[in-house]
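Protein chains: 2
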Amino acid sequence: MYRLYHYPLSPFSRKVRLVLAEKRVEFDLQEVRYWEPEPDMLRRNPAGKIPVLRTQNGFYAESAAICEYLEDLHPDPPLMPQSIEKRYEVRRLNGWFDDKFYREVTEKLLGERVFRKVQGTGYPVSENVKSGLKAIKLHLDYMAELLDQRRWLAGGEMSLADFTAAAHLSCLDYISDVDWNRSATVKDWYAKIKSRPAFRKILADQVPGFQPPPHYADLDF
Amino acid sequence: MYRLYHYPLSPFSRKVRLVLAEKRVEFDLQEVRYWEPEPDMLRRNPAGKIPVLRTQNGFYAESAAICEYLEDLHPDPPLMPQSIEKRYEVRRLNGWFDDKFYREVTEKLLGERVFRKVQGTGYPVSENVKSGLKAIKLHLDYMAELLDQRRWLAGGEMSLADFTAAAHLSCLDYISDVDWNRSATVKDWYAKIKSRPAFRKILADQVPGFQPPPHYADLDF
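Residue numbers (this note's numbering), protein chains in the order written: chain A, -16 to 204; chain B, -16 to 204.
Bound-form chain A, shown alone (with noise of 0.2 Å):
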């Protein structure tokens, strides 16, 4: 069975587990204090970040790269579109969420607000928060733009993207930060991938500290 080393509200362990949850593979979680490095660790990631999976072949690292050896290795149900223009649109919005909006949103405001406390790096700079409230406006917006003309966020298909973004957005509504009523057509989109069993676990999820909103785990919210 294989294994994934995690943290609860970190976007790239959550996207993973969505991946493996969708494909229905079997795997169970180690929780990792990733940012207290120890020699256990760095053999398995080199580069000391989470996730990392381990299978009976190894240890694999770095999650865009963990999402699409799972989509080689379990095409079924493929996560990744068939044509060469659908499949760059997905990776484009990987791209998007996993550096633009994690840059700008998730380590503005989850970084702020939980991991400066859980890892004793001192209080919350507003400055980073104001700045994350105000670009988290913007990406809905853009998600709206999308999912406008698209059923889901790269095009007629769920696929990857769509759980990449989920991945980062669940972890900011753990923590109230995601303004549903901004856009009705990103909510009814969030709505439909929450509802998923492979979202089940995660919305389960309890970080010591920090309480989630009731709304978090209602699949009416």
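No lab work stands behind these hints, which were simulated from the structure alone. Since the model is a prediction, treat every value here as computed from it, not as a measurement. It cannot be assumed that every hint is accurate.
Here are some of the chain A residues that sit facing chain B, going by a computed Cβ distance under 7 Å [as the list claims (entries may be wrong)]:
| id | residue |
| --- | --- |
| 1 | Tyr52 |
| 2 | Tyr71 |
| 3 | Arg179 |
Just so you know, even glycine gets a beta-carbon here, dropped at the ideal spot from N, CA and C.
Got chain A; can you put chain B on it based on the hints?
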């Protein structure tokens, strides 16, 4: 003909330039001062980033997504291996350089020494430069560790991972921040990739106000 919107010392732009040239795809270059976003640029890529590739079908953004797209569209010569395990390793290393190496080294050295001046955001923060100079040593050691066991970074064949790494290192070499004496293995690898025809234009890059060292364009450095 394709057009690439780029900036000469952007490692992400260089990666796409190298892939296009290696695949002998014809393209011209348009330099973009991407830190001064203007409507045209945001129309090409709402993320406001470079590189952006224009083809007859439209605009393509996110360098990792562009490279996979080019691999799908122009498979010959291949820069991705056939085997699932090896493809994973290429993507892991792409992530290593575009994320970890970029944050720990490229951003710290190139960002402080070049982009601050070019973009007019003040003097280099010496703490960042110091941290970048320390980190690049560890990264060169990690590359040496890989290259002691492999002909190319991801395995027996040259791949996208080599171009990703070389794109970052070539930018840092332009500002004399790579100590090639640290590892003969890494130097040999760089000499091999630097001597490919695809590298020629990159070795001819000139950024006003920044003179590359004589060894930068020298194939026998």
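Hint check results:
{"no.": "1", "hint": "Tyr52", "in the structure": "4 Å, holds"}
{"no.": "2", "hint": "Tyr71", "in the structure": "4 Å, holds"}
{"no.": "3", "hint": "Arg179", "in the structure": "25 Å, violated"}
In summary, the structure is inconsistent with hint 3 from the numbered list given earlier, while agreeing with all the others.
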